[in-house]
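Just need the whole structure built from these sequences, with the hints factored in.
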Amino acid sequence: MPPRLTPAQRRARVLDNETHLAKKRRARKIDKVLGETYPYVVAELDFENPFELLVATVLSAQTTDVKVNEVTPVLFGAYPDAFALAGAPAAAVQEIVRPTGFYKTKAANIQELSRRLVTEQDGEVPDDLDYLVTLPGVGRKTAFVVLGNAFDRPGLTVDTHFGRLARRFAWTDQEDPVKVEAEVGELFEKRDYTMLSHHLIFHGRRICHAKKPACGACPVAQWCPSFGEGETDPEAAEALLKYELAPGREELHRLMVQGYTRRQLRALGYPLGP
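So that you can map any letter, position 254 of the sequence shown is 254 in our numbering, and since no number is skipped, the others follow by simple counting.
Just so you know, not all the hints are guaranteed correct.
[As the list claims (entries may be wrong)] Here are the computed distance ranges between Cβ atoms for each label pair:
hint : residue 1 : residue 2 : range
1    : 6         : 29        : 21 to 29 Å
2    : 248       : 6         : 18 to 26 Å
3    : 83        : 17        : 54 to 62 Å
4    : 6         : 89        : 16 to 24 Å
5    : 121       : 251       : 41 to 49 Å
For the record, the hints were derived by calculation from the structure and aren't laboratory data.
From the three backbone atoms N, C-alpha and C, an ideal C-beta is built for every residue, glycine too.
Laid out in structure tokens, this is it:
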């Protein structure tokens with residue numbers, strides 16, 4: 001009996017032998033099932049307009065969306081637009097964003113990008129990738145979050161979750177986000193990029209964790225060459241689930257499937273964190 005392959009060996013075999021068409025079909029099947037698993041998928045940063053989303057995404061670097069969502073109501077309550085934030089006292093902005101970490105740099109970035117928007121765009125966030133990536137604290141990932149969710153312009157948001165899952169699914173073996181974006185982008189229609197990004201990020205936060213993925217509770221396990229990298233026992237895997245899939249949060253999950261918004265769920269007292 002031949003030795004059983006490790007997940008890393010299976011990924012390597014798939015990368016070496018799977019045709020582009022087969023990979024495309026498998027990738028789209030995974031995305032379809034993830035879409036059915038998370039029918040309520042949305043950007044997990046709360047926002048009312050492109051400016052709020054831009055600032056929130058800059059603040060989300062190296063912290064959680066849950067923490068940013070706790071901070072932004074205070075920030076936008078005091079400084080609701082680029083004009084107000086640009087002219088705000090630096091110390092006051094720093095104190096508000098302090099819980100997100102690296103608060104001095106983040107405060108400086110969101111104030112400087114606000115000044116740029118005021119002087120160059122009359123305070124509005126443009127629907128322009130080339131311009132957005134010139135703003136302080138804004139890279140391609142942040143720009144695509146804004147373009148996809150505020151302007152309905154498709155783009156791949158290659159964050160740590162997206163990159164990890166793309167490699168586990170053997171869609172790519174690249175580590176560089178731009179190369180991941182290019183290789184994964186060839187497998188999907190451009191119109192699907194934004195939702196694909198949401199699906200992978202949701203799945204990475206809830207089931208396909210970095211250190212111990214819940215393989216035994218994964219809805220796409222049969223198409224994943226990395227199955228077995230984490231916990232394969234169904235009961236033990238279920239205990240690893242997070243957010244609305246975590247044990248004991250069945251009612252929260254039911255309400256999310258029914259279409260309750262994050263704001264409504266918070267008002268009802270439901271925790272939305274891991």
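Structure-based check of all given hints:
| no. | hint | verdict |
| --- | --- | --- |
| 1 | 6 - 29: 21 to 29 Å | 24 Å, holds |
| 2 | 248 - 6: 18 to 26 Å | 34 Å, violated |
| 3 | 83 - 17: 54 to 62 Å | 57 Å, holds |
| 4 | 6 - 89: 16 to 24 Å | 56 Å, violated |
| 5 | 121 - 251: 41 to 49 Å | 44 Å, holds |
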